[in-house]
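Residue numbers (our numbering), protein chains in the order written: chain C, 17 to 389; chain A, 17 to 389; chain X, 17 to 389; chain D, 17 to 389.
Where hints are given, some of them may not hold.
Any copy, or any two copies together, can satisfy a pair, since identical chains are not distinguished.
As the list claims (entries may be wrong) - Capping the alpha-carbon separation at 30 Å, the derived lysine-lysine pairs in DSSO-like fashion look like this:
1) K288 x K309
2) K159 x K360
3) K360 x K172
4) K360 x K18
5) K248 x K47
6) K80 x K297
7) K47 x K309
8) K146 x K18
9) K248 x K172
10) K172 x K80
11) K302 x K18
12) K309 x K172
13) K18 x K150
14) K302 x K159
15) K275 x K248
16) K18 x K248
17) K309 x K159
18) K80 x K248
19) K150 x K360
20) K47 x K275
It should be emphasised that the hints constitute simulated quantities derived from the structure, not laboratory data.
Number of protein chains: 4
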Amino acid sequence: MKPLNTIVQENRVVGEIANGLPLTIPVYRLKGSGTGPSVYIQANMHGAEVQGNAVIYQLLELLKHLPLNGDITLVPYANPIGCNQKSGEFTLGRFDPITGTNWNRMYHDHTDLLDDFLLNHSHLDDSALKSRFKRLLIEQSQKRLDGPANHLTTGKRIALNLQRLAHEADIVLDLHTGPISTKHLYCPLYAQESARYFDIQNVLLIPEGFGGAMDEACFCPWWQLSSALQAKGRDFDVAVEAFTVELGSQEKIDLREAKDDARGILSYLAHKEVIVSSEFKPRKMKRFGCYLKDYEAFYAPMGGMVEYTAPLGEPIPAGTTIAHILRMERYLSEQPLNVISIDKPAIPILHFASASVNQGTELYKFFTNYFEL
Amino acid sequence: MKPLNTIVQENRVVGEIANGLPLTIPVYRLKGSGTGPSVYIQANMHGAEVQGNAVIYQLLELLKHLPLNGDITLVPYANPIGCNQKSGEFTLGRFDPITGTNWNRMYHDHTDLLDDFLLNHSHLDDSALKSRFKRLLIEQSQKRLDGPANHLTTGKRIALNLQRLAHEADIVLDLHTGPISTKHLYCPLYAQESARYFDIQNVLLIPEGFGGAMDEACFCPWWQLSSALQAKGRDFDVAVEAFTVELGSQEKIDLREAKDDARGILSYLAHKEVIVSSEFKPRKMKRFGCYLKDYEAFYAPMGGMVEYTAPLGEPIPAGTTIAHILRMERYLSEQPLNVISIDKPAIPILHFASASVNQGTELYKFFTNYFEL
Amino acid sequence: MKPLNTIVQENRVVGEIANGLPLTIPVYRLKGSGTGPSVYIQANMHGAEVQGNAVIYQLLELLKHLPLNGDITLVPYANPIGCNQKSGEFTLGRFDPITGTNWNRMYHDHTDLLDDFLLNHSHLDDSALKSRFKRLLIEQSQKRLDGPANHLTTGKRIALNLQRLAHEADIVLDLHTGPISTKHLYCPLYAQESARYFDIQNVLLIPEGFGGAMDEACFCPWWQLSSALQAKGRDFDVAVEAFTVELGSQEKIDLREAKDDARGILSYLAHKEVIVSSEFKPRKMKRFGCYLKDYEAFYAPMGGMVEYTAPLGEPIPAGTTIAHILRMERYLSEQPLNVISIDKPAIPILHFASASVNQGTELYKFFTNYFEL
Amino acid sequence: MKPLNTIVQENRVVGEIANGLPLTIPVYRLKGSGTGPSVYIQANMHGAEVQGNAVIYQLLELLKHLPLNGDITLVPYANPIGCNQKSGEFTLGRFDPITGTNWNRMYHDHTDLLDDFLLNHSHLDDSALKSRFKRLLIEQSQKRLDGPANHLTTGKRIALNLQRLAHEADIVLDLHTGPISTKHLYCPLYAQESARYFDIQNVLLIPEGFGGAMDEACFCPWWQLSSALQAKGRDFDVAVEAFTVELGSQEKIDLREAKDDARGILSYLAHKEVIVSSEFKPRKMKRFGCYLKDYEAFYAPMGGMVEYTAPLGEPIPAGTTIAHILRMERYLSEQPLNVISIDKPAIPILHFASASVNQGTELYKFFTNYFEL
């Protein structure tokens, strides 16, 4: 079948390594009619979280045949260092191996631009204000990339390159996975309604506040702009929606699952009228929400070998056994098999990838005080 | 239920690390009546291969209630460096992180003792010969441990400590796992009959020859002794059986599976009359054998993101697709989704643990030219 | 010579690892007459920064013969995970290998205790106020250690154990090193006078504000207490002095240098009347100060192989060549040897430990806008 | 000054990584008159051993102005994975991070070609025999590269690419460094005379036998050819000389030192009449030889923090203190400062790069039973 849309590729150089090899990222673009919102989707910022690349593959396969209102930019392999950093049989791609800094905490916080922007541009109408602010975010990202090379860390340079592309869009999706994980969505509070259009049961609701991640880098300035205008009595909707989509477990490519995930994303994009299609509808499911402050890490209360027993993604009552921790060096002296349970109702979202843990290793993350969305 | 047997624990110091912390290994012993062969079982020499610890746990739970003819020694956590070496979320425990040397290639080869031993002791009867040679292996291992401390590497010291214990036994089981793997058994050719008593479908048949692993360290000297006597016209069975038991996948504790594995091991030990029990019988199953020379590694023909599609443990015909390799940077220019197939009938035994590979990363290992046992 | 003082050792368990091995830290204590301030000194929180252990060794050798007014607590090997974490031939001890979190950014911030404390205790006189606040900091640290085990990360548990000991003292020294580095001192602004008593030429002046490090964890609450009382018109000196002492380069033990460093520390402790001795005086030297905001990182403007050419510790004029970056893959096409210079007067304090860098790797850190102290 | 010789660059693709990025190696070639032997020089096969790149830089700077009899091929950055593999602040480049295999143990052993070659070609005269055998080595290396991609590991593919180039040459130099090291030369026994023309004081004499390194891969087949012909009564000199040149310490670029090293190499090449120049003469120095069997590793007899005290490169008498090992956790209970000495005369060649060691870490390597060359 002849594609409806042309896909254009551009390779973006985002750094260079010790032997001079350039770090390049492939960027794919589809052009829409211009009547709908534009979209930016990236994957694999963390090296082991590869499934998003397969989702982008399936999205491209579907999108080339769909009428588009908005432009769509897709970036697989977002982090050329992370996805090539092996240590033993696994990918060591959550943080810069030199500094330990999480690759998804290096985006730039543009909120310091706000006061000055409002001073000079708050007379503009909503549409002009939006387009002016968008231009500002793009320009300021580019400006930092064009500044003195000795001012930018390796990770910041990668992040700014991606962010510069993402600021062009009205909708931003950053595709991640957990270690061993059920699907879940990081959703800013103001966009809660949109969460119903993804096929993702568990939704984490994020307050205003910048922690360095891509989604925050994209929605924070707009959210603060909206709040600042609100404070002055002007209604101005947050003009950008940005989500971190957690696709499941790391170190796994599943093409069929990726197709389902792509369809779930298209359901949201159809709702947003980016694509023109009645084919993609959200599946009926019970959805759960949880505020970020109630997203609890459960650290291993002892070192040992762990059997994980909590079912991921489903509510469990208080008192449920979530793990057995085996301590063979105390087989005779104490209880070798230790039952670990949770003391409140919760939804287990993810657990640690390894079966051996130190005391204090993050064993699980749980939705607590969750509610039906 | 009051245990029938007493279990005794001893902690063996096998080294010390930079801040002086001693590396200790727990050793559990059960005493038999002395009428059956003695057994040594260890687990977790490779840091991520933890399931053997759970099998030892289940063995202890069962063995304490069983009448024993032979002494049994069980060593979980055999490698205190390996199982505590994390790099990112996984355990980096296949090799010494300083040197890269595989922890299971550092056992000592005692075959140079053979000529001298035969010269001095071949007049002894079978039983005396066996007990004298066993003593020699134990003494020589201990001698190296007692020698100048600056002659031993970290790994060799651990290995010699374990080997010294293992040489006391007539039966040696080294519990390992693959990366993502089906169960399989490394079985020396002469012990092929014994392979029928484990509940393990796929059996790798090992020729004489020392590569540095625990099983080889235990059976090689005895095999060579047998061959040397044979050459002189004397029939002397290989007096020791040693196996590497591959329990499945790494980074996983499954207590129920461990119980099954423990029962499988007891089936073999009952056959060998180490334990007195009619409870443990091998399950009926079709078993496949493969010679080590036909155990083929299949290296990634290209770098990329891998979907593994071959069913582990079951025969597949020539031409079966074993993987899709996704190469998103060539979505427009070439085929992004590459189908990888195998060109001969095979049984896929294990595959790489990560979904992202370099060109040349070991993707799979296959039994080829396999046959029914 | 018979020691004047008794040294007492206590081993503090600060965690446990996967095979159940306890993580223990040796704590040495000397008792003073009670008429001078008490002291806490720790070393090796970062695994590769070992020279502080040698300084503690030399301090113990000297202190056992000196009359003491104040109690002294010394903690070598502060981080039993960090100093045993090898990756290749070097120590990977700056961050938790699982999470990437810097071990020296996990101390607890007690400043939220302040309002409540002032409400209840500001009627106390200076001495009672100090002793009550000190007790509070100790109790609150201990309380967190005694809380649910699943609330603490591995690093936080280590940090709280150390912090709990450090809060007992009036003077806290955290011994670190840089990668390749000249000696320098992190000194809180209010303690600037004390910096003259160390034998350290370059002094970084730190403002109020908590970043997670040991020195900050110790001085921040006291500084804020002082500021809060000041705001109410009451003069209350910051009651605790805490410094990070950077001893030079990592991965190096030099016992003679350690003795010099110990003598420098004793010079400060004599000035503070912790020890009674006229033997230890600061050396005459020109000292330079630099505000933290002017402590500039210089990131590699290109990837490549680096020859470091800036002399560490000494002022250099604007335009000085600080590195050559070799790029052999462009020998014919472009300049293979790139001269990197700094565009302002500076004192080079440290440089990266490796000769090969990515674009954006931290090449150097410089004092800029430095001044004579 | 206008160069006398043209330098040509070719980029060789030796693999590809997970995101499809090709691994390329720059290859520089200078053409000689054809009257002298041809030369192959490579550097940086181990990631942290960077100084060889600087030596190649200086060689290129000098060679472009020198009359050449033989062709010269120079390959910096020989291992694009190794030199870009960071773990913390250092380069983790001695072994494949996935498998632990030393990058310099993966070259191919061509000795199995010998019997067949002799059968078919021993009638040829010396010159034809040499050129036929050289062609065979090149063809067989290429054949393996052209074989099924799934038969080659990542490292073997890199090694074969380099080896294929190296087999074209009559002289092969593989530039390495030790961890912290004095200069030394790996020299095959038959080429002992040539060792006098390098400016390297300490020379390790290597017997016939293949261990997987580049120098061995180059000289072994020729040495065995020579021996085989000798056995048949025909005198046939080993036609290729191959050395591993150890330039000093890793993680260091020193351009001036590199110039000296380049001149030392040119002294050898002048002697071999590769270059036409009277400028480069070996320096007068006492040279020491040591047989490989007498090259002794000294493993840390205890874990601890190490002060290295042996002077590298110079003979020391038996009983010399080579290290102090500090064990602060036993300050009160035992001797905290342990003196380590060597019990025989030796030349310390290198020591471990880190100051903290496990029991059994390789502390030093020594020439023992050394002799004047």
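Hint check:
1. K288 x K309: within (29 Å within a copy, 45 Å between copies)
2. K159 x K360: The answer is between: 22 Å across copies meets 30 Å, while 49 Å in one copy does not.
3. K360 x K172: between (40 Å within a copy, 24 Å between copies)
4. K360 x K18: neither (55 Å within a copy, 37 Å between copies)
5. K248 x K47: neither (37 Å within a copy, 63 Å between copies)
6. K80 x K297: within (19 Å within a copy, 59 Å between copies)
7. K47 x K309: Neither way: K47 and K309 sit 39 Å apart in one copy and 45 Å across, limit 30 Å.
8. K146 x K18: Neither. Shortest intra-copy (36 Å) and inter-copy (59 Å) distances fail the 30 Å Cα cut-off.
9. K248 x K172: Close neither inside one copy (34 Å) nor across copies (43 Å); limit 30 Å.
10. K172 x K80: neither (32 Å within a copy, 40 Å between copies)
11. K302 x K18: This pair counts as neither: shortest intra-copy Cα distance 38 Å, inter-copy 50 Å.
12. K309 x K172: both (27 Å within a copy, 19 Å between copies)
13. K18 x K150: neither (35 Å within a copy, 54 Å between copies)
14. K302 x K159: neither (45 Å within a copy, 40 Å between copies)
15. K275 x K248: Neither. Shortest intra-copy (45 Å) and inter-copy (64 Å) distances fail the 30 Å Cα cut-off.
16. K18 x K248: neither (52 Å within a copy, 71 Å between copies)
17. K309 x K159: Answer is between: at 22 Å across copies they meet the 30 Å cutoff, but 35 Å inside does not.
18. K80 x K248: The answer is neither: 44 Å in one copy and 68 Å across copies each exceed 30 Å.
19. K150 x K360: neither (44 Å within a copy, 35 Å between copies)
20. K47 x K275: Within one copy, since 22 Å is at most 30 Å while 56 Å is not.
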